[in-house]
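In the order they appear, the protein sequences are chains A and B.
Taking numbering that gives the first Met the number 0, the leading residue of the first sequence gets 0, the next gets one more, and so forth.
Taking numbering that gives the first Met the number 0, the leading residue of the second sequence gets 0, the next gets one more, and so forth.
Bear in mind the hints are in silico, worked out from the structure with no lab data behind them.
Even for Gly, the Cβ is constructed at its ideal location relative to N, Cα and C.
There may be inaccurate statements among the hints.
[Said to hold, decoys possible] Here are the simulated BS3-like pairs of lysine-lysine, each with C-alpha atoms no more than 25 Å apart in a straight line:
| id | chain 1 | residue 1 | chain 2 | residue 2 |
| --- | --- | --- | --- | --- |
| 1 | A | K70 | B | K497 |
| 2 | B | K296 | A | K113 |
| 3 | A | K70 | A | K113 |
| 4 | B | K285 | B | K296 |
| 5 | B | K221 | A | K70 |
[Unchecked claim] Reference listing, derived: stretches of chain B covered by chain A, where coverage requires no fewer than 3 residues with Cβ under 8 Å from a Cβ of chain A:
| id | region |
| --- | --- |
| 6 | 151-158 |
| 7 | 184-198 |
| 8 | 210-223 |
| 9 | 280-289 |
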Amino acid sequence: MFPHVALVAQRMLPGVVIALVGIAMLYIGQDYQVGSMRRIGPGFFPLVIACLLIGVGIFIIIEDLLRPSDKDAINLRSILVVSAAIIAWSLTIDRFGFAISTFLLIFISSLAEKRPRYLHSLFLSIGLASVGYLIFVTGFGLPFTLLRL
Amino acid sequence: MMDLLNNLSLGIQTAVSWEALFFCFIGVSLGTLVGVLPGIGALAAISMCLPLTYYLDPTVALIMLAGIFYGAQYGSSTAAILLNVPGTATAAATCLDGYPMARQGRAGIALFLTTTSSFIGGSFAILLMMFFAPTLARLAVNFTSAEYFAIMVLGLVAASTLSIGSPLKGLAMVILGLAIGVIGMDHHTGIMRYTFGYFELSDGIGLVALAMGVFGIAEIMKNVGMSQELIIDGKSITLRSLIPTREDFRTSLGPSGRGSVLGSGIGILPGAGPSLAAFMAYALEKRIAKDPSRFGKGAIEGIAAPEAANNASVQAAFIPTLSLGIPGDAVMAVLIGALMIHGITPGPLFIVEQPALFWGLIVSFWIGNVLLLVLNIPLIGFWVRILTIPYRILFPTVLFFICIGVYSINNNVFFVYIALICGVLGYMMNAYRFPAAPLLLGFILGPMIEEHLRRTLLISRGDFLLFFQRPVSGVFLTLAVILILFVVFTSFRDWRRKLKNAKLGS
């Protein structure tokens, strides 16, 4: 019984999420003025879209219940590793400079591989940091510091 | 006729400067590169280059970005033929007969013929554009907000329903894109909508962050860690093995012609993109063939027609984009976004007001297509070797460029985080088979649609019927309604059949 319920719930997930986004839009947007037909306010368009989202979400729930659509397995590890790499880059770029944040980005993202090769990552980050510095800072004048400790 | 010659000479002056030639070359080479490599599409590459174009002249920027787009169509057939993996989605139809040809040892011939067919398709559509786009623009000069609203709505509905896969999911993504487009300051009243108190969001979440997230970061999340070293025998692709027999070449001409016409037609339609064009051209060839059973086993018609069609469709998509300002697909929407960054809004007056840009772009298409012919036939061995770049090097490199590109929007990490969120969203959409292109289209057209809706209602004093009283907008909106009804009808028919089957089953 319970595995079955879980399966159905999972099938409904995309449609439910879409409908929930619509409901959230309605909730947050209730302060925006809808205006009159003659002069529609900033709340009119969001209201229409929110209703459309809820409607299409319900349709998708029905469709997925009747005909389960294909779905890829979700690889949580690669999502987390790539996110961690980007967050590490963002946290360090202003404080520690281009070289260190590039190294962190490359190194962390290489952890997504089944067998990471650390030496490769080191060389790649040195190469990218120097080529990138030449292109973007010297060439395009982006305001990065190479190294700030 | 004199007009055309004058315009062409203006275009040649624009496109044959060192700077324009250089960036055209960069664009088509980069396009071929990302086209060859599975896992990175033209959209990701174009959005990665968007920040760089802040520093370029708008004409040169557009020449480069457009070059990436059509260059990718040339490159994408390489992986399709050699690996049975389309380099970008638009080459999926080319796998069907291209890969069997490679297994028969005819890979070189397949590569040669897809390139010539691509060239034929591209050239046909450019010619069409030269004559058709100015005419269309002249017709559209009298369009009011009502017409624009109607055309955009039709474009969105068509983009979601005519794509491959569930039309309902496409529709959902268009609407979600419209919703994301609402974020930011409302220009009429100055009210912040859905900014959650972040001042950075007052101009919206931005095209670059969204596109890089949904098309760049999401693709990396999907492919990273799955990398296997590809083994390709690059040495067997010699220059001599490329040359088809006269018989082969002649067989490819008819399908290329038919593919060009079909592809151009589909390219002009809003919403229907090159993937659809390629598959329809393939289906057409199979239907009119004397012996359809040859298809799927290495038929030359099966690679020539789709390749001509997807290139024609890509070039023809510029017609509505540049003459009406209405992008037919997500890539065109990004290009319009790029123009708007430079303060140029495409519309019916675009060709008259920016003749150097328009005709320069057209001439650059010719130059680019000839460059691609050179890049893809004598230098094919180079691209084949590119395919052997291990992903463990490729993906971190792309990630690096994405981070820098998004950071450079306003030299702030805020939008890097936004892009990351969009990346996770894109990954989930991909996993559940929700198409990403309609999302981007909705995002870009959304604010324009709202603006035109407001203006029209202001003029009509709140009367919605005005949309149907004006003939052009009436026709377009009616078409949109018919398309939606069609989707609803077919879904219901599907559902009833499913229910009946389920009852019979139990």
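Hints breached by this structure: Of the numbered hints, 2, 6, 9 do not hold.
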